[in-house]
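> Residues per chain, in single letters:
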Amino acid sequence: MTNAVQTPPTGSESLFAYLLRLGDNALILGQRLAEWCGKGPMFEEDMALSNTALDLLGQARQWLTYAGDVEGQGRDEDALAFLRDVQNFHNLLLVERPNGDYATTMVRQFYFDAWHVLLLQGLCTSSDSRMAEIARTAVKEVTYHVRRSSDLVVRLGDGTSESHRRMQAAVDELWPFTGEMWTPDAYEVRLCEQRIIPDVAAVGPSWLTHVTDVLKNATLTVPTATWMHKGGKQGQHTEHLGYILAEMQFLQRAYPGAKW
Amino acid sequence: MNEWPLWEVFIRSQHGLAHKHVGSLHAPDAEMAINHARDVYTRRNEGVSIWVVKASDIVASSPGDKEPLFEPANNKVYRHPTFFPMPKEVKNL
Chain G
63 MTNAVQTPPT GSESLFAYLL RLGDNALILG QRLAEWCGKG PMFEEDMALS
113 NTALDLLGQA RQWLTYAGDV EGQGRDEDAL AFLRDVQNFH NLLLVERPNG
163 DYATTMVRQF YFDAWHVLLL QGLCTSSDSR MAEIARTAVK EVTYHVRRSS
213 DLVVRLGDGT SESHRRMQAA VDELWPFTGE MWTPDAYEVR LCEQRIIPDV
263 AAVGPSWLTH VTDVLKNATL TVPTATWMHK GGKQGQHTEH LGYILAEMQF
313 LQRAYPGAKW
Chain C
14 MNEWPLWEVF IRSQHGLAHK HVGSLHAPDA EMAINHARDV YTRRNEGVSI
64 WVVKASDIVA SSPGDKEPLF EPANNKVYRH PTFFPMPKEV KNL
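Top line first, the protein sequences correspond to chains G and C.
For what it's worth, the working numbering labels the leading residue of the first sequence as 63, then goes sequentially.
For what it's worth, the working numbering labels the leading residue of the second sequence as 14, then goes sequentially.
Just so you know, these hints were derived from the structure itself, not from any lab.
Source: prediction; values computed, not measured.
Any given hint might turn out to be false.
From the derived model, a few chain C residues whose C-beta atoms are all more than 12 Å from chain G [unchecked claim]: (1) L38; (2) H39; (3) N48; (4) H49; (5) R51; (6) V53; (7) K67; (8) A68; (9) A73; (10) D78; (11) P81; (12) L82; (13) N87; (14) F97.
Here are a few chain G residues that face chain C, going by a calculated C-beta distance under 7 Å [stated by the list, open to error]: (15) E106; (16) A110; (17) N113; (18) V208; (19) R210.
Backbone N, C-alpha and C define an ideal beta-carbon position, used for all residues, glycine too.
Okay, chain G solo, but in the shape it has when bound (with noise of 0.2 Å):
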């Protein structure tokens, strides 16, 4: 992935490995988001995570399945997401980050869902088919869990005491996570110029304007650091994804083609 920079990518070089991130972001956030299953803070809150979870683990499979049609190498969605290793995952480094508190949880849920909805608005209208059929059925989930990040984000930051400063804690040590959505490298310029996916830096300015009114009604300072972290996109992922496959793939890896 490193000799991107050097070389322009191809056409489908570039799609598959856009297609890995996408897929990517969804698989991981999801299995992050499970790790909640049965230890939500309530019962209605655990049952929405793990729908949330649900809708991310459908989207990834799409993307996912596409990708590997888009190799032509035979790879299923299965063999992408069991048999890679760490570093030819493309995923955000913000959606691997630890679940830590449920402020933790809800301040990294709610950059996320605010990004992936504009950035799938945008895929809706992709001159690529299956990448406008996929994104068209994938925006309607996440319309819904962007609405409701929002709003926990607003009752938690504007709650008491403690639930403020554990939200004002969130939002600051996730902040340097979030650069990395709208600073496009060589493989979104090209598919932009080819109308597959939507102007990445554009979604930065909507997203902060989005992320912006919620902070605020909920009573949260916007931070202001400017240093992004980097490189999850291309590969280079921090200790924490190698735990995260480590638990995912173990199944496969011990077992090589169990089924259920």
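Assemble chain C onto chain G, guided by the hints.
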């Protein structure tokens, strides 16, 4: 968190039918009750509309009133509309 009030959830499964009670849940207010109802009760295409009602706002009849409320004299057959044949085309009646 246990002080969240109880809400009763009613879902209309399709247009033209009445909302039907499907269960209950806890939520701090109406908006979150609707969200929770969506997450707990409508994930399998169950409905087109959700009502939530605070359980404490429901006025229920007393079990002790069984006889005066539910056991009318059965010698007035005209009270029971069983003499009218229903057209086959009429559904959900």
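> Does each hint hold? Answer for all of them.
Verification of the supplied hints:
1. A cut-off of 12 Å between C-beta atoms contradicts the statement that C/L38 is not in contact with chain G; the least separation is 5 Å.
2. With a closest Cβ-Cβ approach of about 6 Å to chain G, C/H39 is found to fall inside the 12 Å limit, against its non-interface label.
3. With a least CB separation of 6 Å from chain G, C/N48 falls inside the 12 Å interface cut-off, contrary to its annotation.
4. Distance check on C/H49: its Cβ comes as close as 4 Å (rounded) to a Cβ of chain G, failing to clear the 12 Å threshold; non-interface status is violated.
5. Not every CB of chain G lies more than 12 Å from the CB of C/R51, the least distance being 7 Å, so the non-interface label is violated.
6. Some Cβ of chain G comes within 12 Å of the Cβ of C/V53; the nearest lies about 5 Å off, and the non-interface call is violated.
7. With a least beta-carbon separation of about 15 Å from chain G, C/K67 lies farther than 12 Å from that chain, consistent with its non-interface assignment.
8. The claim that C/A68 lies off the interface holds: its Cβ sits roughly 15 Å from the closest Cβ of chain G, which is beyond the 12 Å cut-off.
9. Its beta-carbon lying about 24 Å from the closest one in chain G, C/A73 satisfies the requirement of being farther than 12 Å from that chain.
10. The beta carbon of C/D78 sits about 34 Å from the closest Cβ of chain G, which is more than 12 Å, so the claim that it is off the interface holds.
11. For C/P81, the shortest C-beta to C-beta distance to chain G comes to about 39 Å, beyond the 12 Å cut-off, and the non-interface label holds.
12. Separation of C/L82 from chain G is adequate, the least Cβ-Cβ distance of about 34 Å exceeding the 12 Å criterion.
13. Look at C/N87: its CB is around 45 Å from the nearest CB on chain G, clear of 12 Å, so calling it non-interface holds up.
14. Look at C/F97: its CB is around 45 Å from the nearest CB on chain G, clear of 12 Å, so calling it non-interface holds up.
15. The interface hint given for G/E106 is met, as the beta carbon of that residue sits about 4 Å from the closest beta carbon of chain C, less than 7 Å.
16. Restraint check, G/A110 versus chain C: the minimum CB separation of about 4 Å is within 7 Å; hint holds.
17. Checking G/N113 against chain C: minimum C-beta separation of about 5 Å stays under 7 Å; hint holds.
18. Against a cut-off of 7 Å between C-beta atoms, the interface hint on G/V208 is violated, since the closest Cβ of chain C lies about 12 Å away.
19. For G/R210, the shortest C-beta to C-beta distance to chain C is roughly 6 Å, which falls under 7 Å, so the interface hint holds.
The structure fails hints 1, 2, 3, 4, 5, 6, 18 (numbered hints given earlier, in ascending order).
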